[in-house]
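*Asks:* All chains, please: the whole structure from these sequences, using the hints.
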Amino acid sequence: MELTIKYFGMISELTSCEEEKILFEQTTISELLKDLFKKYPDLKNKDFRIAQDRKLVSLDSLISGQELALLPPFAGG
Amino acid sequence: MDRYHRHIILSEIGQIGQDKLNRSKVLVVGAGGLGCPILQYLTAAGVGTIGIMDFDVVDVSNLQRQVLYGTSSLGMNKAEAAKQRLSDLNPTIEIHVYTEGLLPTNAFSVFSKYDIIVDGTDNFGSRYLINDAAVLTDKPVVYGAIYKFEGQIAVFNYQNGPTYRCLFPNPPKDDQVPNCAEVGVLGVLPGIIGSMQANEVLKIILGFNSVCSGKMLCYSAQSGETTFIELPRSETDIKKIKSNPDILSNTNYDIDCSLNNDEISFEALSDLDNIQFLDVRELQERPIIEMDNCIQIPLAQLTEESHRIDSTKKTIVFCQSGIRSLKAIEILKALKITNCKSLKHGVLEFKDQLKNTF
Numbered sequence: 001m002e003l004t005i006k007y008f009g010m011i012s013e014l015t016s017c018e019e020e021k022i023l024f025e026q027t028t029i030s031e032l033l034k035d036l037f038k039k040y041p042d043l044k045n046k047d048f049r050i051a052q053d054r055k056l057v058s059l060d061s062l063i064s065g066q067e068l069a070l071l072p073p074f075a076g077g
Numbered sequence: 001m002d003r004y005h006r007h008i009i010l011s012e013i014g015q016i017g018q019d020k021l022n023r024s025k026v027l028v029v030g031a032g033g034l035g036c037p038i039l040q041y042l043t044a045a046g047v048g049t050i051g052i053m054d055f056d057v058v059d060v061s062n063l064q065r066q067v068l069y070g071t072s073s074l075g076m077n078k079a080e081a082a083k084q085r086l087s088d089l090n091p092t093i094e095i096h097v098y099t100e101g102l103l104p105t106n107a108f109s110v111f112s113k114y115d116i117i118v119d120g121t122d123n124f125g126s127r128y129l130i131n132d133a134a135v136l137t138d139k140p141v142v143y144g145a146i147y148k149f150e151g152q153i154a155v156f157n158y159q160n161g162p163t164y165r166c167l168f169p170n171p172p173k174d175d176q177v178p179n180c181a182e183v184g185v186l187g188v189l190p191g192i193i194g195s196m197q198a199n200e201v202l203k204i205i206l207g208f209n210s211v212c213s214g215k216m217l218c219y220s221a222q223s224g225e226t227t228f229i230e231l232p233r234s235e236t237d238i239k240k241i242k243s244n245p246d247i248l249s250n251t252n253y254d255i256d257c258s259l260n261n262d263e264i265s266f267e268a269l270s271d272l273d274n275i276q277f278l279d280v281r282e283l284q285e286r287p288i289i290e291m292d293n294c295i296q297i298p299l300a301q302l303t304e305e306s307h308r309i310d311s312t313k314k315t316i317v318f319c320q321s322g323i324r325s326l327k328a329i330e331i332l333k334a335l336k337i338t339n340c341k342s343l344k345h346g347v348l349e350f351k352d353q354l355k356n357t358f
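Protein chains in written order, with my numbering: chain G, 1 to 77; chain E, 1 to 358.
These are calculated hints, taken from the structure and not from any lab test.
Keep in mind that the hints are not guaranteed to be accurate.
Facing chain E, a subset of chain G residues (Cβ under 7 Å, in silico) [what the hints assert, rightly or not]:
| id | residue |
| --- | --- |
| 1 | Gly9 |
| 2 | Ala75 |
| 3 | Gly76 |
These figures come from a predicted structure and were not determined experimentally.
Just so you know, even glycine gets a beta-carbon here, dropped at the ideal spot from N, CA and C.
*Replies:* Shown next as structure tokens:
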């Protein structure tokens with residue numbers, strides 16, 4: 001299955017891209033994250049929430065959509 | 001009322017809407033990059049009572065984006081300087097300034113005087129403090145935050161909608177998310193995001209049903225792309241605050257270096273003009289730092305010799321490791337010398353760079 005992952009803010013600096021398509025076999029978001037952590041080890045130390053098809057979801061949610069977004073908190077003002 | 005004519009002739013606002021604006025009370029926390037456009041548009045729109053909270057002073061590096069200030073405001077408290085400009089823009093409204101900034105000790109009493117709280121702060125500590133105080137006083141929060149070229153906007157705690165903690169339940173683990181002073185920001189970005197926040201405030205006051213509640217708008221100034229993310233309300237995260245009315249006094253909101261505005265990193269120094277260094281180590285301590293714009297007053301003598309400090313300049317205080325210099329900042333503040341920062345980690349880490357750069 002193919003999934004688009006969008007990276008925001010400082011996460012996109014870490015991944016060096018704002019968006020990528022990945023092939024996946026996992027069923028939950030936390031399982032998919034394990035693979036992302038292998039690809040981007042520093043991601044493990046970052047805080048972010050995940051949106052699936054533009055809706056905030058928990059890590060134990062099943063992957064059912066077409067798009068995930070990794071949203072870090074911003075402090076700046 | 002010629003001043004508000006362009007509002008009144010809009011059928012969606014009219015005289016009734018304009019009267020609502022004139023009767024409303026809005027508190028803007030932070031008069032920096034976001035606060036400036038927020039304040040400018042709310043004042044121009046005729047919001048009747050505006051509160052401005054900021055403890056910080058105007059620095060030359062602010063002028064790239066904090067459009068209420070000019071060269072003549074340098075060194076002034078931001079809330080005071082903003083009031084000066086805004087009173088000229090619209091003398092018919094009431095403006096209150098809180099130069100001590102937002103604190104766990106004043107959040108309740110100040111929030112309770114306003115209808116809407118606008119978050120224009122630049123650090124996580126203040127953002128969580130605003131959230132918790134707003135949940136407990138039942139006020140909507142118009143949130144905006146920026147990072148380099150990207151911004152987030154949302155209205156929290158509005159008509160049973162989600163709160164900031166429903167999105168980010170807890171502050172980041174450590175100092176992993178730096179603020180504008182440390183990372184830089186496209187000057188126009190807070191102008192865009194702050195203007196969007198002002199728009200949300202007006203929509204709430206005017207009773208429009210299109211308020212950005214239950215969702216967050218993410219904006220990229222590079223791509224121009226906007227993404228709405230739907231945010232569900234998390235009863236668990238809200239209950240944690242509501243069931244703990246003493247949370248403000250028993251929570252440590254001093255959670256990131258950017259909240260500890262007394263400190264500055266070495267990297268951020270190069271952006272500053274008109275600075276002087278103050279070495280508060282004992283005279284015999286090594287390494288000796290020889291720079292033209294550096295004076296040496298050991299911590300113990302600071303009070304009696306404070307007249308040697310040039311108060312027209314920003315003072316960067318340093319010691320060996322950054323601990324005594326923080327104490328020095330406290331002493332200087334008590335002496336009403338507020339335009340000063342402590343060099344984070346002290347001189348040992350930066351001695352060679354200091355000599356080469358300044």
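*Asks:* Taking each numbered hint in turn, which are not upheld by the structure, reported in ascending numerical order?
*Replies:* none
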